[in-house]
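**Q** Sequence:
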Amino acid sequence: MKKITALILIAFSLKACVSNRVFNGLESRYAQLKDNYNRQTKSIENLNAEIKDLTEKFFTLESILEETEDSLNQKQQKLEQLESSIDLLKQNSETALKERIVENEALMEKISERESELADRMARVYELEGLIAQQQEAMQSLKEKISDALLNFEDKGLTVEARDGKVYVSMENKLLFRSGSWTVESKGQRAIDGLANVLADNPDIAILIEGHTDNVPYGGKGPLKGNWDLSTKRATAIVNQLLENPDILPQNLTAAGRGEYLPIAPNSTRKGRASNRRIEVVLSPQLDEITQILNTLD
1 MKKITALILI
11 AFSLKACVSN
21 RVFNGLESRY
31 AQLKDNYNRQ
41 TKSIENLNAE
51 IKDLTEKFFT
61 LESILEETED
71 SLNQKQQKLE
81 QLESSIDLLK
91 QNSETALKER
101 IVENEALMEK
111 ISERESELAD
121 RMARVYELEG
131 LIAQQQEAMQ
141 SLKEKISDAL
151 LNFEDKGLTV
161 EARDGKVYVS
171 MENKLLFRSG
181 SWTVESKGQR
191 AIDGLANVLA
201 DNPDIAILIE
211 GHTDNVPYGG
221 KGPLKGNWDL
231 STKRATAIVN
241 QLLENPDILP
251 QNLTAAGRGE
261 YLPIAPNSTR
271 KGRASNRRIE
281 VVLSPQLDEI
291 TQILNTLD
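Numbering of the sequence shown is given in this note's numbering, commencing with residue 1 and proceeding in unit increments.
Certain hints may be false.
Stated by the list, open to error - Cut-off 25 Å, straight-line C-alpha distance, at most; resulting in silico cross-link-like pairs (DMTMM-like, lysine to aspartate or glutamate):
| no. | residue 1 | residue 2 |
| --- | --- | --- |
| 1 | K98 | E109 |
| 2 | K75 | E109 |
| 3 | K42 | D53 |
| 4 | K187 | E154 |
| 5 | K143 | D247 |
| 6 | K110 | E144 |
| 7 | K174 | E185 |
| 8 | K166 | E154 |
| 9 | K271 | E161 |
| 10 | K174 | D229 |
| 11 | K52 | E66 |
| 12 | K57 | E45 |
| 13 | K271 | D204 |
| 14 | K143 | D87 |
| 15 | K187 | E109 |
It is worth saying that the hints were derived from the structure and are not from the lab. It should be emphasised that the depicted structure is a prediction, and the values quoted were computed from it without experimental measurement.
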C-alpha cells in the first residue's frame, strides 16, 4: 500500500513534466494494482471464512470423537462383562445340561403317561357316544311301538312324542277319568293296557307318571284336599293299572302329582283347561351305565 501511495505522489509530482502517454500508463498501472489488491483482499476474506468454518467442523468432529471414544469404552466394558458371563456359563454348562436332560426325560415320561390316559379317556368317550346313540335309537323305536299300540286313541286326546332323549305319552283326563274322579274308566284302561304291553318288553326303561290339573279349584266333597291331591291320586291310579301287567317292574315306576303348576295351554279357555287336565307318562332310558362312564371321565 505504501508503494502505491508513493507512486501516486510521484505521479502527481511528475504530471507536469511528463507526457500524457506516460501519465496514462502510470494511471493504468495504478488501476491494475488496485484491482489486484481488492481481489487479494476478497480472497483473504474467503480464506478466513473457510478457516472459521473448518475450525468449527474440527471442534464438532473432535466432540463427536470424544463421544465415540466414551461409547467404545462403555461397549468394551460390556464386552468384558459378557465374556466373563460366558466363561461362567461355560463352567456350569455341563452340569446344567445334565440336569436339563434328566428333567426332559422325566417330562417325556409324564407326557407318555398323559397320552396313555388320554387314549383311555377317548376310548370311554367313544363308548359313551355309542351308548347314547343306542339309547336314542332305542327310544325312537319305543316311541314308534307305543304310537302303533295306541293308534286308536290318538284322536281321543292321546299324543306320543319323542324329545330330549325321552318319550312323552300325554293323555287328557277325558280319556281316563270322570270329573273329580281318580278311577280309570274302561276306555282309559284299554289305553293303559296297550301302553303296558309295550313297556313290559322294555324292562330297562324308567317310567314316570305325572298327574296334572287345570287351575279351577276342586269343589267336590270327600277325602280330596285339592287339585294337587287329585293329580297325585290319578298318577297313582295309572301306576296301579300298569302294575296289573306282571312283566312291568315296580321299581321302574314313579308317581308324581303336579297339580295346576305345569300347564301346557292357557287356562283362560275351555279347550286350554281340557289340555291341562292330563296324565303324562315320561319314559327315560336307564342311565346307570352312562353315569359310570361319566364318573371315570372326572
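**Q** Each hint: holds or not?
**A** Evaluation of the provided hints:
Between K98 and E109 the alpha-carbon distance is near 17 Å, which keeps this suggested pair within the 25 Å criterion. A distance of roughly 46 Å separates the Cα atoms of K75 and E109; the hinted pair therefore is violated under the 25 Å criterion. For the hint linking K42 to D53, the alpha-carbon distance of about 17 Å falls within 25 Å, and the restraint holds. Simply put, K187 and E154 have alpha-carbon atoms about 13 Å apart, close enough for the 25 Å limit, and the pair holds.
Annotation: proposed proximity of K143 to D247 holds, straight-line Cα distance about 19 Å (limit 25 Å). Under the criterion of a C-alpha separation no larger than 25 Å, the hint pairing K110 with E144 is inconsistent with the structure, at around 51 Å. Restraint check for K174 and E185: satisfied, since their Cα atoms lie roughly 9 Å apart, inside the 25 Å limit. With a CA separation close to 19 Å, the supplied pair K166 and E154 stays within the 25 Å bound.
For the suggested pair K271 and E161, the alpha carbons sit about 20 Å apart, so the restraint of at most 25 Å is met. Annotation: proposed proximity of K174 to D229 holds, straight-line Cα distance about 18 Å (limit 25 Å). The suggested pairing of K52 with E66 holds, with an alpha-carbon distance near 21 Å, which does not exceed 25 Å. With a C-alpha separation of about 18 Å, the suggested pairing of K57 with E45 holds against the 25 Å cut-off.
Between K271 and D204 the alpha-carbon distance is near 36 Å, which puts this suggested pair outside the 25 Å criterion. Among the hinted pairs, K143 with D87 is inconsistent with the structure: their alpha-carbon atoms are about 80 Å apart, more than 25 Å. For the proposed pair K187 and E109, the alpha carbon gap of about 70 Å is over 25 Å, so the pair is violated.
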